[in-house]
Amino acid sequence: MTIIVFSLIILAGSFLAGLVGSLTGLGGGVIIIPMLTLVFHVDIHYAIGASLISVIATSSGAAAAYVKEGISNIRIGMFLEIATTLGAVGGAVLAIYAPTHLIAIIFGMVLIFSAALSFKKRNEILTQTEPGKFSKIFKLNSSYPTASGNISYNVHHVAGGFLMMIVAGVISGLLGIGSGALKVIAMDNIMKLPFKVSTTTSNFMIGVTAAASAGIYLHRGYINPGLSMPVVLGVIAGAFMGSKVLVKSETKWLRILFAIIITFLAIQMIYNGISGNL
Amino acid sequence: MNTKNKITDYDIESVMGTLLITGVIISGAVVLFGGACYLYQTGSSLPHYKTFSGELSGLRSVRQILTGVMHFDSLAIIQFGLVLLIATPIARVVFSVVGFFVEKDYLYVLISLIVLVIIAFSILSVGAS
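Here the protein sequences line up with chains A and B, keeping their order.
This note's numbering applies: residue 1 is where the first sequence begins, and numbers increase by one.
This note's numbering applies: residue 1001 is where the second sequence begins, and numbers increase by one.
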């Protein structure tokens, strides 16, 4: 297989990954890494580097659309980015020293976890309770616009959310994914944010988190231009397409399909990791 | 930004949105251009991504990448586009520092600066080894 054929196939696969990733909100990275390693036998370090770059592209592209709606909370985002960037630097350093098969096994476990989580019900209507002490100090409580006027919300358990964000950052830096699922746990379940705010704010943070580990990956030589080129272009195009159809389409069946694919890929990753094939 | 109206979070977010989308479009265009040159030059040879050996030492720091771009090396052009992409969210944090400063929210100027320092650490000190 020549470079041009290889690049075109990767481009098409990345387009699909970007499209489905943006429709389900899980991001393209969870598909791209198994695709590159299992199907094309690319070394996992190159795959992580390419995925990380594509994560930055999708996050920035989607955030551009979200921020103009005024739903994301830039203060919560910036505050929690301290945690995610710290974690991301740690995760990227870990990735340098962790053996390939171990990364594959951890990746598979995070995939299964993300797939299971995508079915969880999100906080639509909030029971308003008193905000925590830290959320006042850091001015995190806010409101967001809806068709029926502004809805205000309070933020809880800031310290717990912050710790969870460090974990999300480590996973992102170690595996080259956005780890949106963990960010959503931190904001939905721990900090009790409305899901619209947590989704958009999480997406907003993913790019900065990934940029923090991308510097390390670049210097270490994990970012291969020949491989990253079709991955990034495909994912950008796919995610852009996804954001156009997102509003209209019914995504429930898509989530189920995606979860099945992801679980299958996860088992493959874990199996190949244990048997030492990756 | 020059009007006398109070600068709000929404204004900051709106400029950020424009900044992000511009960054993605520019870097995507650079990657596409470099990619087209790369495939034109080497499209018929075989890829070798199976064994990890580190990228060519010429493409691991910004200065080396820029030198490659000057020599019209297609891989360096792609890599330059990827660096622009990495720089986009970092530019957003830099912009946040300015935005919060204009809003006179000094606590968040500090928080944005902390994030910036962590990213700078990743890019500068770790890469030195």
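The set of hints was computed from the structure by calculation and includes no laboratory data.
Keep in mind the model is a prediction, meaning the values are calculated, not measured.
A hint or two may mislead.
[To be verified] In the EDC-like style, the derived pairs of lysine to aspartate or glutamate whose C-alpha atoms are separated by at most 16 Å in a straight line are: (1) B/K1104 / B/D1011; (2) A/K252 / B/D1105; (3) B/K1104 / B/D1009; (4) A/K252 / B/D1009; (5) A/K196 / A/E69; (6) A/K136 / B/D1011; (7) A/K139 / B/E1103.
[To be verified] Computed from the model, here is a short list of chain B residues facing chain A with C-beta under 10 Å: (8) Y1010; (9) T1067; (10) H1071; (11) L1082.
Every residue gets a Cβ at the ideal spot worked out from N, C-alpha and C, and that includes glycine.
Hint-by-hint comparison with the structure:
1. B/K1104 / B/D1011: Holds: B/K1104 and B/D1011 sit about 14 Å apart, inside 16 Å.
2. A/K252 / B/D1105: Outside the cut-off at roughly 42 Å; violated.
3. B/K1104 / B/D1009: holds, 12 Å
4. A/K252 / B/D1009: At roughly 34 Å apart (the allowed maximum being 16 Å), B/D1009 and A/K252 break the hint.
5. A/K196 / A/E69: Distance of about 11 Å is within 16 Å: holds.
6. A/K136 / B/D1011: Violated. A/K136 to B/D1011 sits at ~23 Å, over the 16 Å cutoff.
7. A/K139 / B/E1103: The hint holds at about 14 Å.
8. Y1010: holds, 5 Å
9. T1067: violated, 15 Å
10. H1071: Since the shortest Cβ distance to chain A is 15 Å, the answer is violated.
11. L1082: holds, 5 Å
Violation of the numbered hints given earlier is confined to hints 2, 4, 6, 9, 10; the remaining hints are satisfied by the structure.
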